[in-house]
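Colleague: Take UniProt numbering: the last position of the sequence shown gets the number 164, and nothing is skipped along the way.
No lab work stands behind these hints, which were simulated from the structure alone. Built from N, CA and C at the ideal position, the CB exists for glycine as well. Each hint can be trusted.
Each pair of labels, with its calculated beta carbon distance range:
{"#": "1", "residue 1": "Tyr112", "residue 2": "Ile12", "range": "30 to 40 angstroms"}
{"#": "2", "residue 1": "Leu138", "residue 2": "Val108", "range": "33 to 43 angstroms"}
{"#": "3", "residue 1": "Arg6", "residue 2": "Phe107", "range": "28 to 38 angstroms"}
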Amino acid sequence: MTMIERLLLHFIFAFVATICFAILLNVPRRAYLAGGVIGGATWVIYVVMYFHLHVGLALSNLSAAILIGILAMMAAKVQHQPMILYNVPALVPFVPGGQAYKVVRYFVLGDYGLSLSYLYQVVVIAGAITLGFGLGDLINTALYGRHRKEARPFSQLKGWKKRD
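Build the full structure now, drawing on both the sequences and the hints.
Modeller: Structure, rendered in structure tokens:
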């Protein structure tokens with residue numbers, strides 16, 4: 001199997017996993033395709049950086065999380081949906097569930113050194129994802145600015161009538 005075929009397979013599996021998790025979260029159907037593409041594309045970026053370019057665990061997860069934040073904001077603007085509908089399902093392939101399981105398993109088996117090694121990986125991945133989302137939001141703010149509605153008095157709100 002060539003590298004392109006393997007990356008396409010990674011994309012398909014991450015795409016399906018993202019959409020399945022979006023279904024579990026009751027995300028609206030019109031957000032499935034964009035969320036799946038974001039999840040699949042960012043997973044492929046992670047795989048290329050970590051396994052082929054040997055960039056490192058933290059930087060690979062950080063880059064993918066930044067990309068999730070940027071792409072989720074773009075999809076949210078295009079489809080007029082909240083950004084969280086895209087970035088939470090796209091995050092699923094990056095959750096260090098396997099490493100967290102191994103932390104507990106090796107701790108119970110008494111291999112504390114290996115347990116701490118996996119705990120370190122969990123903390124690094126979670127920290128990189130958190131930092132990546134923050135940096136992605138910072139980049140989006142720098143590119144698009146904050147669009148906040150100013151507070152208005154109740155009398156100016158649509159459909160509001162003063163009761164006597």
